[in-house]
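Given the coordinates of chain A, work out where chain B should sit on it, guided by the hints.
Each chain, letter by letter, is given below.
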Amino acid sequence: MRRLPFDELRVKGGKQPEQILVGGWWRTVENIVDHWREAGRWWEGERPRDFFLVETERGAFIVSKGPERWRIERLVD
Amino acid sequence: MFVHLHVHTPFSFLDGVGRISELVGKAVELDMPALAMTDHNSLSGAVQFCRTCRQAGIKPIIGAEVTTETGHHLTLLARSRVGYANLCQLLSQAHLSNERGKPQATEQMLRECAEDIIALSGCWHSEVFSLAYRRRYQQTEKAIEKYQDIFGTDNFYIELQEAFYPQQHATNKGLVQIAQKLKVPVVATGNVHYVDESQYKAQDVLTCVRTLTTVDEPHPERKINAEFYFKSPQQMAKLFSWASEAVANTLRIAEQCQEYELGDDRYLPRFDTNGCKSTQLLRRLTYEGAQKRYGRLNPKISRRLAYELSVIEQLGFADYFLVVWDAAREARRRGIRYAGRGSAADSAVAYCLHITDVDAVARNLSFERFINPERGDNLPDIDIDFDARYRDDIAEYVTQKYGEDKVATVCTFQTYHARGAIRDLAKALGFPLEEINRLAKLMPHINADGIEQAFDHFPELRDSQLPLHKYRQLFELCSHAAGLPRHIGTHLGGVIISGQPLNTISPIQEAAKGCRIIQFDKVDVEDLRLLKLDLLCLRMLSAVQDTVTSTPKQLDFSSIPLDDKDTYKLLNSAETAGAFQLESPAQRNLQSRLHADNIEDVVASVALIRPGPIKGNMVEPFLARRHGKEPVTYVDSRLEEILKDTYGVVLFQEQVIEIAVKIAGFSPGEADQLRRALTHHRDKDKMQAIGKGFIRKAMQRGCTEQVAKTIFSCIEGYAGYGFCEAHAAAFGDTGYKTSYLLTHYPAYFYAALLSNQPMGYFPAHTLINEAKRRGISVLGPDVNRSQVSFTVEDSAIRVGLKQVKDAAERLADKIVEGQPYKGLQDLTWRIKPPANAAQNLVLGGALDCFDANRRRLLWQLGAHKPAKQPQLNLQQAAELKNIRDFTDQQKCCYDWDILGFSPAWHPLEFVRPKLAEEGVLTNQQIKQQRPKGPVKTASLLIRPHRPPTRSGRTVVFFTLEDETGLLDVTVFENVYQQYGKEIFSSSALLVEGHLTHRGTASIIADRIEQLS
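Protein sequences appear in the order of chains A and B.
Numbering follows our numbering, with no gaps: position 73 of the first sequence is 73.
So the number in our numbering is just where the residue sits in the second sequence, counting from 1, plus 77.
Note that these hints are calculated values from the structure, not bench results.
One should not assume that every hint holds.
[Said to hold, decoys possible] Restraint-style ranges between C-beta atoms, simulated for each label pair: (1) Leu259/B x Thr28/A: 30 to 40 Å; (2) Glu57/A x Gln530/B: 52 to 62 Å; (3) Gly66/A x Gln254/B: 26 to 36 Å.
[Claimed, not checked] Straight line, CA to CA, 20 Å or less: simulated SDA-like cross-link-like pairs of lysine to any residue: (4) Lys65/A x Arg862/B; (5) Lys991/B x Cys969/B; (6) Lys65/A x Pro243/B; (7) Lys300/B x Ile32/A.
Everything numeric in this text was worked out from a predicted model, so none of it was measured.
Note that beta-carbon positions come from the ideal geometry of N, C-alpha and C, so glycine has one too.
One chain only, chain A, in its complex shape (with noise of 0.2 Å):
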């Protein structure tokens, strides 16, 4: 698993992650391996994520969902 810098990919979605933008490709989210949801350092001001296990075509991502956008936190090799 390694980390991927932050604005390499994009991720499409409304609950649940649908595409992930990856080498310029839009790519269609086949299977939601795992959700769970973190609360983060919310002594920090920082709000809860929902956080998914998601496989692609172009392999399996761990990807985020705040208040605010979809972010991707990990490539999953």
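The following block gives chain B in isolation, referenced to the frame of chain A:
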């Protein structure tokens, strides 16, 4: 439909933050027919939980989340009263067979206590879930089969929780497959830790408090999200839409669990009467005691005893009285000083059994205030104070007599108030310790949910210039924690004696001080109908005992004459610092105005100086009538007999009962219920209903409506503030007698008070100062002459060696045993005191007998290693001669640091010349000034406090102490608003104000300055 079966209340200490009333309220709101409580290894919330559920009309299910020997969690629910008893036994064993605070239930314990228990496999930390999580499915199956074997196949469920944890859902799916394979039912739970998500932060930070971490440090016991809230049936159904039977099974379990009572009369102990009936034995002992107390019994006494005994027998309390009589008898046999107090002193039987020393017949006290014959469900409460040093001996005697399995101490729950909450939560949030200390020390004694408002209200906070914005989050979290129990503690005196093994009624655990405690507090034990005996420590009784055994003349404390003129003279002079209950500024002021000349005045003064009477403005009318400045009138002549001793003022609760009986024709039992209602339920509608009943009945007995209304408004106004006369009589007696000791044996009494610190209103330095002011010399500690405690030596008080900081009692004992010593070398060689204790002995003056130059002694101490005989060369010996001693001022500072006072000097003496130049008078000089004149004083500050006032405005009272004595100061709201910070953050003050001679001389402050 869904029922929460896994719920943590605040009695999962520092974990559950949803209050029981909130949790039950939520269950009702969500239409749940039942609710379970499952705290960690504890049933402490059970009584409150059952009471709240029943009031709300839902079924309570009592359970616990038990920690097993492998450290895993297991959820257990009691199906019936038998299951509850098994749960109690299981938790008792888990607590008592492991290190304190780390209970663990072994498989054997689970097997022994499995009857009528329903087990759920548990949460994320359970054995079953953690095995499945690691995909060790074979082991998971084995674990499930083990639990099925322990609890029975019908009584074990696989617990499923969906809290949005990583891999939790996948693991749950695996568990359901196993459940299907093994035909084990599944059940959905919410693992509720709070009512709504907004409480998550408080739960998280309290977990940090519990795990001694800060929020920045990860810990496996912290929850990663806010999903442990009280979810609705709809939310649970949605979460478990893929396993709907798990939701349905919650109802099935709830239906299987029975409703049962936790309290039971069979818990009362039986006294071993050697075959005769307990009622017969009680009668015999009472009449034997009556002969000793009264000699010949007159008809009034006989009637009273017969009545009390019949009520005691009828309500089944004979054994209770015998148990208490036996404890008191044992104390007498061992020569342990004790005194019964509280409403028990309303009983003539208790007096005859030597449980109390107040003659209820002579005082005409109402027995119904103690035992209400019409409320047999209320167990009487008997409190006995013992010489503090030997109270545990009596508790041990009781334990041995009734069996370790049937005796335990009541617990207490330490709850969060402002200071404690700030200390704990700020630490968990990572604030620096210095900042936490500063903030906590500034905080007045207020609730934790009023901190932010307190910054507007209290000038010491407002003017502290603290950056409030920095603490907003902290204060918000504190308000969430307000009133939550932090940990379980030990009640100071409450001992439970049961007729049945206690571990079937409550889990038993070991307390920090080594005794065994039940998991219920004093309120809960009343509901459980457990017999509580309050065996309390009273250091004043230790001081009395020390005084009577040290005076050269044989002194019988109980026979001290109650009409000693010199004692009343002392009381009237208000120089009562040290007297029991009569030494506070308010009491001293009252004494100087009351001019007490009989014991009844003293008893009344004990009752008068309480928040209630002060708020109810009872003091002034009482004084005016006492001195004939206001006529004593009665709206009904029948009141005269009841109120004549208190000059027509309703001062005592017993008087309320008598008025209701005489005027309205209430039965004594009804009258006590009226008294209780007036005291406890002061809501307007209830009061009106009670009042109507009283007025109607009074009119039927010949009162006019107007008179009946006047009488009721009088008792209504005073009943809430009234004091139990029996208690006042017991305390008044001790108060008067200790004043007698202060009058006739001041050196012995002060020495005894000082030996038994901390106690009373004033600190040791004030008592030393008062003793000196009364002409008693105070001699410093001396390794060759001091005893362990304070003693009287040629009419002077000699400071005891245990007063020296770091000289523990054992070291002091060793020094006293080895007396005399030839010099420093001899002492250090023979005693080998620890370095800090030796240094403190020097600095505190205990070695002045060898050399008055303390600095030289210190130097020598450094040169002398106790391991070998010291040897000084000539040059060192010459240097020693030239060492200059500390100045007197330095010595005084060291004395205060090491002894808590200075036997030789008062700190104010050193600044007196400078103060005099600035026009600052001594306290003694001020007392001689003319009233209303402007004065200026500078003194040590003692006990600033803000008692409740009638007007609701803040008035601060404190005492100033200088080398000439004490002076009381009153600070009214406007001055307090200006100088609150100085008052509550200084140890010495310069006060400008004007003198008042209302009773004792005191100052009304106008301007206050910190004395640097």
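Okay, the hints, checked on the actual structure:
1. Between Leu259/B and Thr28/A the CB atoms are about 39 Å apart, so this pair conforms to the stated range of 30 to 40 Å.
2. Evaluation of the 52 to 62 Å hint for Glu57/A and Gln530/B yields a pass: the beta carbon distance comes to about 60 Å.
3. For Gly66/A paired with Gln254/B, a C-beta distance near 34 Å keeps the hint of 26 to 36 Å intact.
4. Between the alpha carbons of Lys65/A and Arg862/B the distance comes to roughly 78 Å, so the proposed pair goes past 20 Å and is violated.
5. As the CA atoms of Lys991/B and Cys969/B are separated by approximately 18 Å, the hinted pair is consistent with the 20 Å bound.
6. For a cut-off of 20 Å, the pair hint linking Lys65/A to Pro243/B stands: about 15 Å separates their Cα positions.
7. Under the criterion of a C-alpha separation no larger than 20 Å, the hint pairing Lys300/B with Ile32/A is inconsistent with the structure, at around 23 Å.
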